[in-house]
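These are the residues of each chain, in order.
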Amino acid sequence: MDESELRAQLEQFHPVSYGWALSCCAHNPMEAEDILQTAYLKVLDGRARFDGRAAFKTWLFAVIRHTAADERRRRWLHWLRLDGYRQERNDDVQPAARGDALEQTERVQLFRETLAKLPRRQQEVLHLVFYQDLTIEDAAGVMGVSLGSARTHYARGKQHLGDWLQQSEHFNEYRS
Amino acid sequence: MNTEAKLRKSFQELRDANARQVPAFRRVMPRPEPASTLPWWRWAMGAAVLASLIVLLMIKPQPVGDSQPWSALSNWSATTDELLTVANTPWGNTLSTPTDSWIENSTQINPKETL
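Keeping their order, the protein sequence lines are chains A and B. By numbering that gives the first Met the number 0, the letter at position 13 of the first sequence is numbered 12, and the numbering carries on one by one without gaps. By numbering that gives the first Met the number 0, the letter at position 39 of the second sequence is numbered 38, and the numbering carries on one by one without gaps.
With the rest of the complex left out, here is chain A:
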């Protein structure tokens, strides 16, 4: 696949890739954009090479997930050096401010917050299945876990999220 084809594929999946990048970085829009740019660069300069063993979308999501994990590790090391502590606090403020600017509905915001309470693996598998319409098998491929493990995360995540939303007055449909 040459560069122009890669660019076309990236553009086609750009909206869903952004949604996945948001999910990988606790819904921080600026960080999601950075992660996406780094991932695209990896794809274009050949550091991440598509071998055709999986669907392009599944492979791209795995690249984005790895990039987000690298970014988290980098920030963690930065935080360990202490000089980045203040910076991180500033970063924490940005999503809310950006979110207000975009007038996100309270219901969506509450859903995001509830989703964020789940362990990372459970968040990932639920996002990939319900948001990205992937099968659990493809989700397992993106997450780099076995199918059995992905199924377990899926079942637990679905159970916990359903229970928590049932207790919220903003999600009455979960009570019926």
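Derived from the structure by calculation, the hints contain no laboratory data. Some clues are possibly wrong.
Straight-line C-alpha distance at most 30 Å; calculated DSS-like pairs for lysine-lysine [stated by the list, open to error]:
no.	chain 1	residue 1	chain 2	residue 2
1	A	K41	B	K5
2	A	K56	A	K116
3	A	K116	A	K157
4	A	K157	B	K8
5	B	K8	A	K41
6	B	K8	A	K116
7	A	K41	A	K56
8	B	K5	A	K157
9	A	K56	B	K5
10	A	K157	A	K56
Only a predicted model underlies this, so the values are computations on that prediction, with no experimental measurement involved.
Once you've looked at the hints, dock chain B against the given chain A.
Same frame as chain A, but now just chain B:
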């Protein structure tokens, strides 16, 4: 409506909200690198270094060939040869060592007389 359908609906709302803030693809997409990113002066410096190397190789002295006369080897003698001739001198037959005379003298002295 079962839990899966409810979750799918909630995720659909989330997807709609996210879709409204997707940054433009062009903004996120890294711009392609130009064909040559090196400025002209770097090319010039590289060419200058290459030219210097060629000149240095050209003026480098040629290695000495087999023009030395082989007779020089036959006339050569080591500077330590003289030490070998000194070692043949019969020192032990003509001279007594100082240690022997000291032993003989020491037997003639009575320690009581000295006190």
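So, going through the hints one by one against the coordinates:
no., hint, verdict
1, A:K41 <-> B:K5, "violated (37 Å)"
2, A:K56 <-> A:K116, "holds (27 Å)"
3, A:K116 <-> A:K157, "holds (12 Å)"
4, A:K157 <-> B:K8, "holds (13 Å)"
5, B:K8 <-> A:K41, "violated (34 Å)"
6, B:K8 <-> A:K116, "holds (19 Å)"
7, A:K41 <-> A:K56, "holds (15 Å)"
8, B:K5 <-> A:K157, "holds (11 Å)"
9, A:K56 <-> B:K5, "holds (25 Å)"
10, A:K157 <-> A:K56, "holds (23 Å)"
Hints 1 and 5 from the earlier list are contradicted by this structure; the remaining hints agree with it.
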